[in-house]
Amino acid sequence: MPTLGADMSVGILSSWLKKPGDTVQRGDIIAVVHTDKADVEVETFASGVIERMLVEPGSEVPVGTPLAVIRESGEAEPTAASEQEARLMISPSARELAHELGVDPAEVRGSGPGGRIQRKDVEAAAAARDPARPPPSAPRPAVAPQAPAAAPSADDRGAAMRRAIGAAMSRSKREIPHFYLGHTIDLSRAMSWLTESNVHRSVSERLLHGVLLLKAVALALRVVPELNATWQGDEVVRHDDVNIGVAIALRGGGLVAPAIRHTDELSLDELMHAFRDLVTRARRYSLRSSEISAPTITVTSLGERTVDTVFGVIFPPQVAIVGFGAVVERLWVSDGQVLPCPVVSVSLSADHRVTDGHRASAFLVALDRLLQEPEEL
Amino acid sequence: MYSAAKIHGFLHLYIGEEAVAVGVLQALTPDDAIVATYREHGQALARGVPAASLMAEMFGKANGSSRGRGGSMHIFDLARRFYGGYAIVGGGLPVAVGLALADRLSGREGRLTACFFGDGAVAEGEFHESLNLAALWELPVLFLCENNLYAMGTPIRQELAQPDISLRAESYGIPAEPVDGMDVIAVEEAARRAAIQVRRTGAPLFLELRTYRFRAHSMADPDLYRTKDEIGDWRQRDPIALLEARLREAKLIADDDVSALESDVAAELDHAVGVAEAGPFEPVEDLTKDVYGRSAQ
Amino acid sequence: MTDDQIREGVLRVLAGIVPGADLTALRPDLGLRDQLDIDSMDYLNLAIGIHEELQVDIPESAYDQLETLDDFVRYLAERTSGST
Amino acid sequence: MSVQLAGGSSRRVRLTYREAVRAGLRHALSADDRVFLMGEDVGSYGGAFAVSLGLLDEFGPERIRNTPLSESAFVGAGIGAALGGMRPIVEVMTINFSLLALDQIVNNAATLRYMSGGQLEVPLVVRMATGGGRQLAAQHAHSLEVWYAHVPGIKALAPATVEDARGMLLAALDDPDPVFIFEHATLYPLEGEVDEEPRPVDICRASVRREGGDVTLVTYGGSLAACLAAADDLADEGIEAEVVDLRTLRPLDMDTVLVSLGKTHHAAIVDEGWKTGSLAGEVSAQIMERGFDLLDWPVQRVCSAEVPIPYAKHLEDAALPSRERVAATVREMLV
Numbered sequence: 385m386p387t388l389g390a391d392m393s394v395g396i397l398s399s400w401l402k403k404p405g406d407t408v409q410r411g412d413i414i415a416v417v418h419t420d421k422a423d424v425e426v427e428t429f430a431s432g433v434i435e436r437m438l439v440e441p442g443s444e445v446p447v448g449t450p451l452a453v454i455r456e457s458g459e460a461e462p463t464a465a466s467e468q469e470a471r472l473m474i475s476p477s478a479r480e481l482a483h484e485l486g487v488d489p490a491e492v493r494g495s496g497p498g499g500r501i502q503r504k505d506v507e508a509a510a511a512a513r514d515p516a517r518p519p520p521s522a523p524r525p526a527v528a529p530q531a532p533a534a535a536p537s538a539d540d541r542g543a544a545m546r547r548a549i550g551a552a553m554s555r556s557k558r559e560i561p562h563f564y565l566g567h568t569i570d571l572s573r574a575m576s577w578l579t580e581s582n583v584h585r586s587v588s589e590r591l592l593h594g595v596l597l598l599k600a601v602a603l604a605l606r607v608v609p610e611l612n613a614t615w616q617g618d619e620v621v622r623h624d625d626v627n628i629g630v631a632i633a634l635r636g637g638g639l640v641a642p643a644i645r646h647t648d649e650l651s652l653d654e655l656m657h658a659f660r661d662l663v664t665r666a667r668r669y670s671l672r673s674s675e676i677s678a679p680t681i682t683v684t685s686l687g688e689r690t691v692d693t694v695f696g697v698i699f700p701p702q703v704a705i706v707g708f709g710a711v712v713e714r715l716w717v718s719d720g721q722v723l724p725c726p727v728v729s730v731s732l733s734a735d736h737r738v739t740d741g742h743r744a745s746a747f748l749v750a751l752d753r754l755l756q757e758p759e760e761l
Numbered sequence: 002m003y004s005a006a007k008i009h010g011f012l013h014l015y016i017g018e019e020a021v022a023v024g025v026l027q028a029l030t031p032d033d034a035i036v037a038t039y040r041e042h043g044q045a046l047a048r049g050v051p052a053a054s055l056m057a058e059m060f061g062k063a064n065g066s067s068r069g070r071g072g073s074m075h076i077f078d079l080a081r082r083f084y085g086g087y088a089i090v091g092g093g094l095p096v097a098v099g100l101a102l103a104d105r106l107s108g109r110e111g112r113l114t115a116c117f118f119g120d121g122a123v124a125e126g127e128f129h130e131s132l133n134l135a136a137l138w139e140l141p142v143l144f145l146c147e148n149n150l151y152a153m154g155t156p157i158r159q160e161l162a163q164p165d166i167s168l169r170a171e172s173y174g175i176p177a178e179p180v181d182g183m184d185v186i187a188v189e190e191a192a193r194r195a196a197i198q199v200r201r202t203g204a205p206l207f208l209e210l211r212t213y214r215f216r217a218h219s220m221a222d223p224d225l226y227r228t229k230d231e232i233g234d235w236r237q238r239d240p241i242a243l244l245e246a247r248l249r250e251a252k253l254i255a256d257d258d259v260s261a262l263e264s265d266v267a268a269e270l271d272h273a274v275g276v277a278e279a280g281p282f283e284p285v286e287d288l289t290k291d292v293y294g295r296s297a298q
Numbered sequence: 002m003t004d005d006q007i008r009e010g011v012l013r014v015l016a017g018i019v020p021g022a023d024l025t026a027l028r029p030d031l032g033l034r035d036q037l038d039i040d041s042m043d044y045l046n047l048a049i050g051i052h053e054e055l056q057v058d059i060p061e062s063a064y065d066q067l068e069t070l071d072d073f074v075r076y077l078a079e080r081t082s083g084s085t
Numbered sequence: 020m021s022v023q024l025a026g027g028s029s030r031r032v033r034l035t036y037r038e039a040v041r042a043g044l045r046h047a048l049s050a051d052d053r054v055f056l057m058g059e060d061v062g063s064y065g066g067a068f069a070v071s072l073g074l075l076d077e078f079g080p081e082r083i084r085n086t087p088l089s090e091s092a093f094v095g096a097g098i099g100a101a102l103g104g105m106r107p108i109v110e111v112m113t114i115n116f117s118l119l120a121l122d123q124i125v126n127n128a129a130t131l132r133y134m135s136g137g138q139l140e141v142p143l144v145v146r147m148a149t150g151g152g153r154q155l156a157a158q159h160a161h162s163l164e165v166w167y168a169h170v171p172g173i174k175a176l177a178p179a180t181v182e183d184a185r186g187m188l189l190a191a192l193d194d195p196d197p198v199f200i201f202e203h204a205t206l207y208p209l210e211g212e213v214d215e216e217p218r219p220v221d222i223c224r225a226s227v228r229r230e231g232g233d234v235t236l237v238t239y240g241g242s243l244a245a246c247l248a249a250a251d252d253l254a255d256e257g258i259e260a261e262v263v264d265l266r267t268l269r270p271l272d273m274d275t276v277l278v279s280l281g282k283t284h285h286a287a288i289v290d291e292g293w294k295t296g297s298l299a300g301e302v303s304a305q306i307m308e309r310g311f312d313l314l315d316w317p318v319q320r321v322c323s324a325e326v327p328i329p330y331a332k333h334l335e336d337a338a339l340p341s342r343e344r345v346a347a348t349v350r351e352m353l354v
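Quick note, the sequences are listed as chains A, B, C and D, same order.
Numbers in the working numbering are just positions in the first sequence, counted from 1, shifted up by 384.
Numbers in the working numbering are just positions in the second sequence, counted from 1, shifted up by 1.
Numbers in the working numbering are just positions in the third sequence, counted from 1, shifted up by 1.
Numbers in the working numbering are just positions in the fourth sequence, counted from 1, shifted up by 19.
Bear in mind the hints are in silico, worked out from the structure with no lab data behind them.
Examples of chain A residues lying across from chain D (beta carbon under 7 Å, computed):
| hint | residue |
| --- | --- |
| 1 | S475 |
| 2 | R503 |
| 3 | L634 |
Chain B is nowhere near these chain D residues, computed Cβ spacing over 12 Å in every case:
| hint | residue |
| --- | --- |
| 4 | D60 |
| 5 | K332 |
| 6 | R350 |
Positions of the beta carbon are idealized from the N, C-alpha and C atoms, including for glycine.
Using the sequences provided together with the hints, build the complete structure.
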């Protein structure tokens with residue numbers, strides 16, 4: 385409804401001079417509008433085919449109300465079947481995966497009922513597009529179930545081994561003879577290095593102190609490798625890969641500890657990126673099964689505003705868990721002076737069948753030493 | 002207040018039955034527990050629940066006796082062991098039995114649980130089950146049936162095949178006694194005797210308090226099922242008028258005492274309305290508060 | 002940028018970080034950490050979101066004066082008043 | 020793989036589900052004299068499912084109280100006793116008879132804290148046997164846990180293992196609100212190994228009883244066995260099913276379900292209740308609301324046929340959820 389006078393706010397459509405299906409050119413008169421001053425002919429500025437009228441003759445509509453839909457020449461003919469374009473039948477998870485893998489769903493053939501596109505169709509399309517890259521998770525029934533994600537180094541004896549593990553903590557506490565060691569680490573060098581280096585970083589590249597702790601744990605495991613192991617059947621298998629499970633609290637309560645692979649080989653920036661991505665996806669429940677079953681050790685922390693010390697309960701089939709309390713300001717003797725310093729209390733819960741207090745303390749000492757040289761992490 | 006739409010939902014007036022609440026409550030101690038029905042304003046006031054807190058509750062305010070959550074049918078006051086109004090007819094009886102059981106099992110002697118209910122409840126299964134259980138386990142419950150002759154719109158003769166309620170109670174081996182529910186002195190005297198016996202023996206007793214409500218079952222009841230004459234006859238024995246006449250006869254009160262009393266009552270009511278109107282509404286953010294004592298961690 | 006626009010921007014970023022939280026009942030004078038159960042990672046995402054949404058860079062040093070929604074609006078208002 | 024532990028935590032013992040509940044009762048009765056047991060034939064008879072056998076001799080008639088057949092009165096008395104400061108455990112023989120006490124449960128137990136503005140507290144535990152599978156026909160085979168899980172103000176638990184049968188009772192006694200424990204009648208003879216020393220267990224988290232990456236089977240109580248059996252069958256065909264035991268029906272721990280769904284993208288919910296208005300329906304709705312983007316296939320439900328449970332064995336087996344129906348449902352999803 386065009387404004388046909390400065391003070392005009394509404395107009396009455398008195399009659400249509402065209403009908404749906406008519407082709408119109410720019411400037412054609414297509415309707416007559418009645419205003420309190422006069423009956424005025426209305427011209428169209430678009431050329432094309434009138435698809436449908438939106439306003440009935442005789443009705444009063446405010447200025448600016450669209451009166452008719454004109455499909456400009458050259459636009460695709462809408463399929464006769466339905467008003468909107470045909471709905472793409474795709475499962476929500478497949479759509480998410482397509483987005484993740486950069487596959488255009490419209491080009492995927494759906495194998496589900498009624499042609500619904502499923503994850504495996506998207507995976508196949510992604511693989512077909514780039515044969516070099518194997519699909520993220522092996523297609524299902526055709527192949528034997530996934531081998532345990534943490535490729536055991538020494539022991540390749542295992543066929544796909546069914547590990548019936550109840551993940552309940554209470555069971556872990558009862559089956560695994562835990563012993564605990566605590567230690568307090570002066571973080572003044574680490575925190576000042578972090579603050580200093582964050583100043584030069586853009587906000588999206590900013591590091592959290594957590595990544596320093598994760599990297600230190602990963603490197604300390606090279607000093608005490610027996611902590612980086614998992615039970616398989618009745619045997620402990622030590623792993624070369626260091627995949628640290630990061631305990632993430634879910635919003636409504638509940639905890640999950642997916643792994644960051646090769647934590648020891650990642651740079652602090654790569655580690656921060658992986659950490660941030662993991663937390664985001666965990667809280668959207670979209671973790672990959674490989675991530676959940678991959679950790680060779682777990683690190684847990686209850687965050688800033690909480691307790692000084694946390695003693696973790698080991699996640700079976702792992703053999704250790706490192707717990708960080710909150711970083712707090714404490715009076716601390718360093719180089720003979722008593723100064724207020726940021727410190728963190730770290731705990732190690734370990735499986736008595738696999739290691740002992742002496743080795744466990746060697747791990748915590750190594751961790752401490754690594755955190756005194758943050759620039760090396 | 003109700004007609005001024007300050008009070009909503011159901012409201013069951015107690016006018017006419019005052020002698021029962023006042024008489025019985027005189028015989029109870031602070032250690033006794035009380036379980037009542039949705040017509041419990043009389044019992045609550047007689048127990049000492051402040052009128053302001055009742056009025057605020059009926060205004061739905063946070064300073065009401067149940068923080069505006071219960072309304073007129075659900076007045077609670079734990080400090081005064083007033084375990085509330087129950088809107089399901091007969092719903093309170095098993096709870097009263099349980100309270101008495103708790104006192105028994107924790108060795109708290111010399112206590113009773115007073116359980117008020119109407120003649121309507123006598124037809125409920127819970128009446129049968131509760132009296133049987135209290136008698137079987139010999140629990141200190143004082144069952145108080147306010148027989149106002151009507152279960153909402155149904156006269157008692159069309160409600161109970163055996164309308165002699167005291168007789169029914171005795172069938173469970175519980176001594177029962179009918180009492181003139183319009184005479185507060187008679188009620189108080191009977192209640193005192195019963196309470197002393199229950200406290201002493203620990204076994205239940207039953208009083209059938211014959212009374213009458215001058216107003217309809219509730220504000221929503223057109224009260225067509227009773228004749229004006231019948232209501233008129235009972236009004237002759239208005240419990241408050243009866244008491245006033247006796248006190249005057251005994252020269253215990255005179256005109257100025259009566260007017261002083263009336264102005265005190267009026268003042269207390271105004272105060273109550275003031276407190277209710279000034280009271281805050283509970284913030285909507287607290288909607289889910291107190292559903293559980295300890296929400297799932 | 003008016004205070005309301007800033008507040009709306011911050012709430013939009015928060016909605017992305019705490020999907021499903023009822024932000025309408027958020028008290029602007031109470032700490033965000035307690036009301037929304039958010040941790041240092043969420044605070045970092047908040048800083049990144051605000052940088053993208055309102056083009057203001059919040060240095061780490063400013064974190065401890067930014068506890069409530071009002072703090073954020075006040076802090077950002079000072080830094081965006083120059084640009085409108 | 021439980022290893023006999025030297026020293027440290029207590030010795031392991033082998034118990035049946037029924038003995039585990041009894042151990043929980045005995046532990047609670049000895050530890051706290053506010054605790055007492057009330058129910059039909061819980062005394063000299065020892066309980067319809069022999070759970071309270073021997074407790075009368077040990078704790079006496081005051082604390083092991085046989086009740087007349089008055090469900091509304093003795094459940095209501097349990098509520099009153101809880102109000103009066105006791106810690107009652109009421110045994111309603113089966114969920115089928117609990118229908119007679121629903122008024123006391125829904126109108127009193129669940130509402131008194133809220134309706135009194137937070138003044139009153141009802142720390143009551145009610146246990147009842149539930150479920151079919153023993154050829155007792157329609158009136159003795161109901162699975163109506165969802166009726167209780169529907170009501171805010173009470174908690175509903177479904178112990179499916181020997182440890183939960185004992186531990187949940189102790190946790191429920193520690194809870195300030197009414198807690199209803201549903202013990203599937205076929206579980207009483209189930210054997211399992213637990214620590215000798217009874218301890219309360221968590222009652223707000225589900226538990227992954229079997230890990231797998233291809234499909235999530237969500238279940239509770241008497242249907243756990245069928246799911247684990249189905250998972251074994253499926254494993255032989257290369258399908259790894261993850262079995263999530265809800266353990267608590269109110270509150271529902273959806274996080275554990277969603278984390279699993281995030282891995283498998285396929286969910287089947289196995290629930291002995293009738294499908295219409297079932298707990299399975301509620302879990303499915305919450306998956307749709309909170310985990311929609313994780314779904315690669317519509318959520319499936321395996322429930323009882325919508326019939327009064329029949330007496331004849333072959334009919335009852337056809338009506339109730341079975342390992343075969345669970346496995347078949349999973350195969351359809353992963354074809």
